[in-house]
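Asker: Kindly generate the complete structure, drawing on both the sequences and the hints.
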Amino acid sequence: MKALLIMFLIIGTSLLFFGCSDESALAPELGQSGQVTNSLAKKPISDSTIYDFVGHLGILDPQGRLLGWIGTISGDINGVIKWWMVPPMSYTGQASHYEDRFEIWNADTTELLLAGDEAGTTTARHGKNSNWRTNGTVTEAYGEFEDWLGRNNHAEGHFTWAAPGLPDHGTGTFRIN
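Using our numbering, you'd call the opening residue of the sequence shown number 1 and step up by one each time.
By construction, these hints were calculated from the structure, which means they are not laboratory data. As the structure is a prediction and not an experimental result, all values here were calculated from the model. Accuracy of the hints is not assured; some may be wrong.
Under the rule of at most 25 Å between Cα atoms (straight-line distance), these lysine to any residue pairs were calculated in the SDA-like manner [what the hints assert, rightly or not]: (1) Lys43 x Leu149; (2) Lys128 x Ala95; (3) Lys128 x Glu99; (4) Lys43 x Gly71; (5) Lys128 x Ala162; (6) Lys43 x Thr139; (7) Lys128 x Gly71; (8) Lys128 x Met89; (9) Lys43 x Arg151; (10) Lys128 x Thr92; (11) Lys43 x Asn106; (12) Lys128 x Val54; (13) Lys128 x Ile50; (14) Lys128 x Ser48; (15) Lys128 x Leu149; (16) Lys128 x Met85; (17) Lys43 x Glu156; (18) Lys128 x Leu60; (19) Lys128 x Gly79.
Answerer: In structure tokens, the structure reads:
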């Protein structure tokens with residue numbers, strides 16, 4: 001037992017000594033100001049969204065995705081959020097399953113900040129607001145948001161119906177871990 005304890009102490013000391021060198025990936029990257037700059041040290045991004053349904057306008061991107069929702073995002077990022085839906089959606093009872101691409105732009109939509117691919121589910125509740133949620137991955141990140149490339153994201157919210165089968169608007173949350 002005593003030998004086992006000594007062995008653990010030696011291994012632990014070795015890991016601390018060799019694992020915390022300047023060349024180690026475990027060591028944080030420091031910028032010129034001495035601040036930690038690597039993505040492992042960044043906090044999650046957490047935002048609120050307000051959006052309108054625009055799928056009925058028939059706007060397609062070059063990959064054939066339909067612009068389904070557009071709105072504002074505010075919190076850690078402030079700007080415009082767009083969801084491009086990948087047709088077709090599949091339906092199971094009151095649930096629809098879909099894939100989409102999210103894009104977060106600056107306020108005047110001249111600069112793409114973040115984008116990614118998601119898969120999600122919407123639950124249609126007759127006579128009530130519908131709920132939705134997605135999970136995905138950040139596939140594009142620019143400028144001050146480059147450290148979030150490859151991170152997971154989660155979004156969820158609800159929306160109201162303008163008429164049966166025609167979504168109207170909603171609110172939700174958007175998070176990158």
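Asker: It remains to establish, for every hint, whether it holds in the given structure.
Answerer: Verification of the supplied hints:
1. Lys43 x Leu149: holds, 14 Å
2. Lys128 x Ala95: holds, 14 Å
3. Lys128 x Glu99: holds, 24 Å
4. Lys43 x Gly71: holds, 24 Å
5. Lys128 x Ala162: With a Cα-Cα distance of about 12 Å, the restraint between lysine 128 and alanine 162 holds, given a limit of 25 Å.
6. Lys43 x Thr139: holds, 18 Å
7. Lys128 x Gly71: holds, 21 Å
8. Lys128 x Met89: holds, 21 Å
9. Lys43 x Arg151: Holds, because 12 Å separates the two Cα atoms, which is no more than 25 Å.
10. Lys128 x Thr92: holds, 18 Å
11. Lys43 x Asn106: Roughly 20 Å separates the two Cα atoms, so the pair holds.
12. Lys128 x Val54: Given that 25 Å is the threshold and the Cα spacing comes to 20 Å, the pair holds.
13. Lys128 x Ile50: holds, 18 Å
14. Lys128 x Ser48: Cα-Cα ~21 Å, so holds.
15. Lys128 x Leu149: violated, 36 Å
16. Lys128 x Met85: holds, 23 Å
17. Lys43 x Glu156: OK: lysine 43 and glutamate 156 at ~20 Å, within 25 Å.
18. Lys128 x Leu60: violated, 29 Å
19. Lys128 x Gly79: violated, 29 Å
In terms of the numbered hints stated before, the structure departs from hints 15, 18 and 19, listed from lowest to highest.
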